[in-house]
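A.B. asks: Could you put together the complete structure from these sequences and hints?
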Amino acid sequence: MLTVRIIPCLDVDEGLVVKGVKFRDLKVAGDPVELALKYYQEGADELTFLDVGASIKSRKTMIEVVKKISEKIFIPLTAGGGIKSLDDIRELLLAGADKVSICTAAIENPSLIQEAARTFGSQCIVLSLDAARVNGGWQAFIRGGTYNSGLDAILWAQQAEALGAGEILLNSIDRDGTKQGYDLELIREISEKVRVPVIASGGAGNLEQIYEAIAIGRADAVLLASTLHYGEITIPEIKKYLKGKGVNIR
Amino acid sequence: MIGVVDYGAGNLNSILKAFSYLKLPARLVTTSEEISKVERLVIPGVGSFGAALAELRRRNLYSAIIDWLNENRPFLGICLGFQLLFEKSEEAPEENGFSIFPGRCQKIRAAKVPHMGWNLVKIVRNDPLFSELDSAEYFYFVHSYAVFELIDHVLALTEYSSPFASVIKFGRIYGVQFHPEKSGPAGLKLLHNWGTKC
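These protein sequence lines map, in sequence, to chains X and C. First residue of the first sequence? That's 5 in the working numbering, and the numbers climb one at a time after it. First residue of the second sequence? That's 100 in the working numbering, and the numbers climb one at a time after it.
Keep in mind the hints are simulated off the structure, nothing from the lab. Accuracy of the hints is not assured; some may be wrong.
[What the hints assert, rightly or not] Computed list of lysine-lysine pairs in DSSO-like fashion (alpha-carbon distance at most 30 Å, straight line):
| # | chain 1 | residue 1 | chain 2 | residue 2 |
| --- | --- | --- | --- | --- |
| 1 | X | Lys183 | X | Lys42 |
| 2 | C | Lys221 | C | Lys187 |
| 3 | X | Lys76 | C | Lys122 |
| 4 | X | Lys243 | X | Lys197 |
| 5 | C | Lys206 | X | Lys71 |
| 6 | X | Lys249 | C | Lys211 |
| 7 | C | Lys116 | X | Lys64 |
| 8 | C | Lys122 | X | Lys249 |
| 9 | C | Lys136 | C | Lys122 |
| 10 | X | Lys72 | C | Lys206 |
| 11 | X | Lys42 | C | Lys116 |
| 12 | C | Lys211 | X | Lys183 |
| 13 | C | Lys187 | C | Lys206 |
| 14 | X | Lys71 | C | Lys116 |
| 15 | C | Lys211 | X | Lys88 |
[What the hints assert, rightly or not] Quick partial rundown of chain C residues pointing at chain X, CB under 10 Å, derived from the structure:
| # | residue |
| --- | --- |
| 16 | Ser131 |
| 17 | Trp217 |
| 18 | Tyr237 |
| 19 | Gly283 |
[What the hints assert, rightly or not] Derived CB-CB ranges, DEER-like:
| # | chain 1 | residue 1 | chain 2 | residue 2 | range |
| --- | --- | --- | --- | --- | --- |
| 20 | C | Glu138 | X | Ala219 | 47 to 55 Å |
| 21 | X | Lys61 | C | Ser230 | 43 to 51 Å |
| 22 | X | Thr238 | C | Pro284 | 14 to 22 Å |
| 23 | C | Arg224 | X | Lys249 | 30 to 38 Å |
Remember, it's a predicted structure, so these values are computed and weren't measured experimentally. Glycine is no exception: its CB is placed at the ideal position from the N, C-alpha and C atoms.
C.D. replies: Okay, structure coming up:
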């Protein structure tokens, strides 16, 4: 049986891991290479790095971070943040990323997903979908959660799958960093309407909530940031808890 | 020296980085001349069955690889490199694989495709490749096609919708459907075993 993946997420700004609440108020949480090694040794199933600096300097630092990490850590690495072109993708893959996640550029230029999937294969193209509740539904936001694209999040997930996205990283802006639990309805809606794996993100604060994202939300993987970085929950604790609940875990 | 065949597809750096971490000398090989100078050969994963074969032919690597396999020299096919060792694939029905193993790769029929993530590899026949590994270990998979026909050469099986071949062997030719270079300590152990014991 395929296992549910536990994926620590490192938001990186100019070479340092940061984490905010609802995409704002970023605080420094540590060195990315050190944190990545710690999570790898604790049994992380994958790692995700997002460049939230979105400056040229921050991008260059990110490439260096990916290079260093891929020499020591042998699990899948996803990198994202500010990707706009096939060249950006190629640069990250050559640095050692196995997948790239694309958010804003995918909406502003949907042919990017299609071209990227054709060039590099769907398995390495992750649609990063930042969704927030608007008028009883969910809409897809871009530019670090600051701008409503006007697209219905569920329709966009289906469209991105059709364009060739191999996986969907689903972030709830409403729950990001709040520790109030995942937006279970959102996760379930999207998990049931696409055939590619869905990674649930945003809102994890305790073990029960992580279990709910899998059992109720039907997530294929869960992404965790602040709760891990601040040591409130550890990967071995999560794995032990989920195993106890009968979830397939490595 | 291990040669990693460069056919312009996939992330070749990750397998090279794994060999480098294990202190096993490895390099990319891009010509048949270079293939003749290495002792072991790896065809790594990612890409499509038809495009990979076309690219190997275009780069004049195809016949060097066929000769290598016919001489039963040390070989490891990873993911797509595993699938290329079979006769056929539904991904490119008109193409012929290297045909070292009988059978064909079929599209996975499951709720979620590709089969992506960590799954259990259950050893059905012991081999030096599995030295110091448990009889069932988790490895990382990413693929949309698999070999469900259970032929004699299977060393390990994995289940996703139904059981498929995850490790195969014929003489010194090995194939693994998963990505050992992305499978943490168990994957590194397997690569080390292949590089030193197989």
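A.B. asks: Against the earlier hints, flag every one the structure doesn't satisfy and list their numbers going up.
C.D. replies: 5, 8, 10, 16
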